[in-house]
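Undergrad: Listed below, chain by chain, are the residues.
2 protein chains.
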Amino acid sequence: MSEFLELLPPAQALESFLQHCNFVPQTESVPLQDAVGRIVFEPIVAPFELPSFPRSTVDGFAVRASDTHGASETLPAYLNLIGEIPMGGTADFELTAGNCAIIHTGGMVPAGANAVVMVEYTQEARPGEIEILRAVSVGTNVLQPGEDVSSGDEVIPAGTLLRPAEVGGLAALGRTHVTVAQRPKVGIISSGDEVIEPGNELSPGQVFDVNSYSLHSLITQAGGQPISYGILADDADTFKRTAEQAKNECDLVLFTAGSSVSVRDLTATTIDNLGQPGVIVHGVSVRPGKPTILAVADGIPVIGLPGNPVSALVIARIFVTATLQKMMGLTTSRPRAAIPAKLTLNLPSQAGREDWIGVKLISTTDGYMAEPVFGKSNLIFTLANADGLMKIPAAANGIPAGELVQVELI
Amino acid sequence: MSEFLELLPPAQALESFLQHCNFVPQTESVPLQDAVGRIVFEPIVAPFELPSFPRSTVDGFAVRASDTHGASETLPAYLNLIGEIPMGGTADFELTAGNCAIIHTGGMVPAGANAVVMVEYTQEARPGEIEILRAVSVGTNVLQPGEDVSSGDEVIPAGTLLRPAEVGGLAALGRTHVTVAQRPKVGIISSGDEVIEPGNELSPGQVFDVNSYSLHSLITQAGGQPISYGILADDADTFKRTAEQAKNECDLVLFTAGSSVSVRDLTATTIDNLGQPGVIVHGVSVRPGKPTILAVADGIPVIGLPGNPVSALVIARIFVTATLQKMMGLTTSRPRAAIPAKLTLNLPSQAGREDWIGVKLISTTDGYMAEPVFGKSNLIFTLANADGLMKIPAAANGIPAGELVQVELI
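So the protein sequences, as listed, match chains G and V.
Counted the way my numbering counts, the first sequence spans residues 1 to 410.
Counted the way my numbering counts, the second sequence spans residues 1 to 410.
Careful: at least some of the hints might be erroneous.
[Said to hold, decoys possible] Within a straight-line C-alpha distance of at most 30 angstroms, the following computed DSS-like cross-link-like pairs (lysine-lysine) qualify:
1) V:K247 x V:K185
2) G:K247 x G:K185
3) V:K247 x V:K326
4) G:K342 x G:K290
5) G:K376 x G:K360
6) G:K391 x V:K391
7) V:K342 x V:K290
8) G:K391 x G:K376
9) V:K290 x G:K391
10) V:K290 x V:K247
11) V:K290 x V:K185
12) G:K342 x G:K391
13) G:K391 x G:K326
14) G:K342 x G:K326
15) G:K326 x V:K360
16) V:K360 x V:K290
17) G:K240 x G:K290
18) V:K360 x G:K391
19) G:K342 x V:K391
20) V:K326 x G:K360
21) G:K342 x V:K247
22) G:K376 x G:K290
23) V:K391 x V:K326
24) V:K290 x V:K240
25) V:K360 x G:K342
26) G:K360 x V:K290
27) G:K342 x G:K185
28) G:K185 x G:K326
29) G:K360 x V:K391
30) V:K391 x V:K360
Simulated from the structure, these hints should not be mistaken for laboratory data.
Owing to the predicted nature of the structure, the values given are computational and were not obtained by experimental measurement.
The following block holds chain G by itself, in its conformation from the complex (with noise of 0.2 angstroms):
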């Protein structure tokens, strides 16, 4: 246990990493079509308000509601038409006592008309003159300007991520582009004397590089720009080189190490000579992943992940979202979506650490079961077998069978 104690948890090495981190998110207009995913950077404010017209939600007829009272199917009300209210344009006409005029779901309530009748409620008495078969008060059926939104009102945060209703909330003010944080540039950088890239020829010994590519398909997701920098051959020169290009190229820099120890400590000692003020965090009390590095250098946050392809995923979607998160300026945190599972088994753990598990979800009528895949973290397939991870929090030494766990989609 001690070995994990003297570690900090997640949150507080996220924290105190993150804190050291001071970015400025670089920002670029985009047009709406391409803008769901993205954070915007600007708070929104509406120009004007919406609707920006009273507007009928029903077909029928424009009204005084005094004009209705009392109208029933056994005594209705009579009013004379005067006219039909024109989509997308304003009626000629203000409407007076007496009269009604013929409007559509969408089209401007007239000046002096203050509700509509459905015109389901209603029959031609004869031409020019209208039933009206059911009361209707003040307002009945009309959108009022300013329901949606007032003029002036912030109506989406800056830092906000986009997402479909925003998008059409930002097309409703009549904007085409929004300015957004860009994605941000994120090197990766892999090496391991025994790692080669797919599509070539495996000799004994040899694996092909698996975490470029998890990463690369996580930093997309994210809303990064991930940039391979190759497998570096396990040279110190050639680390600190392809460091220092990376630092300079990117907003975030991650090593994904090989195995061996030999790399392992290239790896380190490369962040920590990178820039300033280098390693804050140097393993983190959570399996898998203890071996994780949290560093700045010069401004450029820095992350050195585990070699082992499941903890190298478990990790990034810890360390590598949240900090791209932040440096693309989001405020707005929404909850993340789980499902809360039973649990099949008793799942025994180390108190002191925090433990993320890959589950099968098993649908019953009860609801989910959640089914802990087993295997070790080098095995990638361990992960792909999984609908979602599952957290055992540092303060339990595990969880027993049927509890309910929460299982957060990969």
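Keeping the supplied structure of chain G fixed, place chain V upon it in accordance with the hints.
TA: Coordinates of chain V only, in the frame set by chain G:
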């Protein structure tokens, strides 16, 4: 209630619609870097086992387990050091009894050895001789060949959504490319005399086109390629010509009508005349979204969405997303993540109709509270203010305050 009881519930409407669609997914080969979020079309079969050789999981010494029997701090075993196993290569020796060899994490356990002793449990007795301070059994600290995947295993079934873990798995198998379903082209046809393109000056009575943009975003997120056909004039020939063009150019066509009865009727007529078999479902027992039209025209699915922005998004989430998934051949369905939350107030509802309500999630020490965001479905910022949507099932006539509901993030 009766008007809704005559209509199909959403799930049944979707099923009956999809039964009429005969999708033949188009495929393309993409590099692994672009594969995340795509649906794999080919079953992925492992061409070799993983790991492909016995790998050490620690830094230490490769040994024969029997040589360490009984070894302890007080009574170490002594083994001759005969060499070091190169990372990414094969030892040029076979390990015989009484000998050991330096091995690094990820290195290949040499012939003759069957376990690895961690370096922490060893010390150098003198040059060329190692003290083993702890016994190991056969297989200790060794990943066996095939422990992750056997040769010939179907490791990723066709129709699987590729997540970072699957992309990593493909890299582990040496793949550089993967065959995925093409992104279906989705035509968006907007209409309404009152609807104008954002970026123009708004005259009284006009509104900006919201749905083209919110749908564009939703289609992008769901894996489709949106193509906008602009805002049609209120004219039968224009509707017919544009619909034919979209049907020829796209895999799925969406109509998002303006709100006046004339364009609603034009939309319905145009869809019905576009091809065989025509309209499958007209009207669904869901709120918002009752006027939804589901049609198939000569093999191309066509969906008439409601004109109100909130309704259009809610209905697109149900029908457009599912249609795209079927088009892309998605076969493995992972649970949709939701957040359990306690409803803050009584929500009445009409039995026989499925209701979708936007809610804000409020974090409390006792979990989340779900606070409904009320507003007519014309008001797009109602949805922009919501964290997610909750469903009141058709069978219920409401949900009481305090009940646990499942909130789907939007």
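Undergrad: What are the numbers of the hints that this structure violates, sorted from low to high?
TA: Result: hints 9, 14, 21, 26, 27 break, sorted rising.
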